[in-house]
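S.K.: Residue numbers (this note's numbering), protein chains in the order written: chain D, 2 to 120; chain A, 997 to 1418; chain F, 886 to 1052.
Take the hints with a grain of salt, since some may be wrong.
[To be verified] Listed below are the simulated SDA-like cross-link pairs for lysine to any residue, each with C-alpha atoms no more than 25 Å apart in a straight line:
1. D:87 with A:1184
2. A:1035 with A:1070
3. F:1050 with D:23
4. D:113 with F:954
5. A:1178 with A:1273
6. A:1035 with A:1016
7. F:1050 with D:110
8. D:114 with F:1039
9. A:1035 with A:1024
10. D:87 with A:1067
11. D:87 with A:1182
12. A:1178 with F:1021
13. D:87 with A:1383
14. D:114 with F:1036
15. A:1067 with A:1041
16. D:87 with A:1396
17. A:1178 with A:1265
18. D:113 with D:30
19. D:87 with A:1170
20. F:1050 with F:1039
21. A:1067 with D:23
22. A:1178 with A:1383
Because the hints were derived from the structure by calculation, they are not lab data.
Here is what each chain is made of, one letter per residue.
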Amino acid sequence: MPENYVPILMFGVIAFLFPVVTLWFASLLRPDSRDVGFRRKPYECGVPPEGDARGRFGVRFYIIAILFVIFDVETIFLFPWAVQYKALGLFGLVEMLVFLGILIVGYIWLYKKGALEWV
Amino acid sequence: MTTLLEILDQPLVLALIRVLIVFTALSLIVAYLVYAERKILAHIQVRLGPMRVGPHGLLQPIADGLKLLLKEDIIPEGADRAVFWLAPAITVLASFTAFSLIPFADNFYVTDVNVGLLFVIAISSLGVLGIILGGWASNSHYPLLGALRSTAQLVSYEVALSFALISAILLAGTLSMNGIVKAQLQQGVWFAFMQPVAFFILFVAAIAETNRNPFDLPEAESELVAGFHTEYSGFRFSLFFLAEYAAMVLVSSIAVTLFLGGWLRPFPNVEWLGFLRFAPVVVFGAAGTWCFLRFFRFPTGREWFWQRLMLFALGAGAAAAALGLLYPPVLVASQGAFWFLAKVFLFLYAFIWFRGTFPRYRFDQLMRLGWHFMIPLAIVNVIFCGVGLVLSWELGWNRSLSLLLASGATLLVAAWLARERS
Amino acid sequence: MTFYEVTFYVLAVVALLSAILVITCRNPVHSAIFLVLTLLSVALIFLQLQAEFMAAVQIIVYIGGIMVLFLFVIMLVNLDVAVRQAPYNRQRWIAGFAALVLLAEFTLFIYQGRDWAKLPPAAAEAVQPNTELIGRALFQNYILPFEVASLLLLVAMVGAVLMAKQR
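Modelling step: build the complete structure from the supplied sequences, incorporating the hints.
M.R.: As structure tokens, this is what we get:
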């Protein structure tokens, strides 16, 4: 029944057009932005900014993102299992325990290795 | 006239009308949520909050909205204009569109699909993209670092959120949002009482997902100026702000639908508690009485005339609503939406209450809480919930008892996870 | 032209255009945004094929997880150097010729096999909800691949952390 999804698309289009239309409408009412002084420089607590912002930011963000992808895939596997749980019964529980068990082993390894520390 | 009725009869037009109703109602709720937060925080801090614009500051959101709309639009030098413009639009899209799947009453929802909950998660995970693009587009250090930190926080707590939702799905057996509420009606008990640990995890993860205090380091003023929306001013900033408050309402709605019974009244299957259906009348009557009392105590004088008039009009409107609700068909029709909104407002009050009460978590403490405590606890909760359900099906134990034992076992694991490390 | 055909062609055109824009854009973040658009179109095509679970999973994992990972990496790497490099190298003529040969082969095979892929449309009652089908299939018929998937996730976890923490 894909026709059930059309209202979501309608809502999405309205929600996307709302900022666009309002910004355009407000640009008719707003004062013009003039390039005066330091107004258009990026804000750094009053000190003039030096250098471009695209620096290097450390590898821990990357580790968090990749661990998120892995655990997200794990939760995706859990959704059909949860929906069909009554039909799958004990056998389904044992299967999922094996699946989660392997991932918990991985989680303990990550913890011991220190990959879950932020500093 | 008949052509108008024929047009209105088309399913898509009906859906469009519902979409517009939900969109406008949501915008009003979000705007007045900002006002409510200022007033409640003010009262927690023993001061009054906005009092000038309209009686007791009730017209403050309109004044703020107009002000932000008319401010100058500053785009920082070197910023990527296309992405700068796109980022708030993506965040607004993500926060608002997910409301099309939430059931507000027995027969009032924009649409209901088989995998409703999964789509709600999918749409709200698009919001993360908006944050990271907004931070990058500003060409400045504070926004970029704020965006990266905010995204790392959102992403860490989204895993715990998903596991908590899975515990509720185990009990409901369906992913459709309306189906989950109906499952709570059939089983006669809200899922929060069967899975309290999952409810707690969902609540904490919801606070972290919306960047609220105590998890609001990425946008706290003393830390990173304003995080990823430092360089946004005027209406663009208000779009991010609206999206954040809409996300708050969204996660409250999800928690209410999944764990607190959605549009069901408390104890939906207990007959002798049927007098609770008069609750909307009581609420509107109390609001009307308060308005009239304030009206009589308001200072008299020429300069207070318009505010007195507004207060009187509000009181009269509330009293009229209370009287109108006494009419049985209207009472029955408004039950679902009233209980749903009451529970969502309770949640939102809790969010604001936490903001006025707790100190802020440092970022590494926040990440440690997420990865070392929340995620293992959530996984263990899913396992024990599954075990409890299988025990009740295969061995014939009482379902509530086995789930209670499961929650007890999870709490033991939680105590072990939260132990003091020397 | 039925509703389904119209939506399919629109989504296919959007997906192809965004995919081409992904590889021709100079700015990596713009390429990432067009990749998000491509993935979104593919998710909507899944939806049109009544595979709603797959559509939701596509958005949650691909756009919500992998694109975030891509954007993190784009921001962790110093962009100036990458943007200023020349996008083509000296072997572009040979590469272009090889691509044309491949395109000719694909067109020939698709044209020869065009009748084979036509399936009769299923009756509306015969198609069950996607999630339940996947749940039943995954946990009753395909248990072993499912458990092997968990091993793959474990390998990914260990590999990512080992490579990132080379100290």
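S.K.: Taking each numbered hint in turn, which are not upheld by the structure, reported in ascending numerical order?
M.R.: Per hint list: 2, 3, 6, 10, 15, 18 violated.
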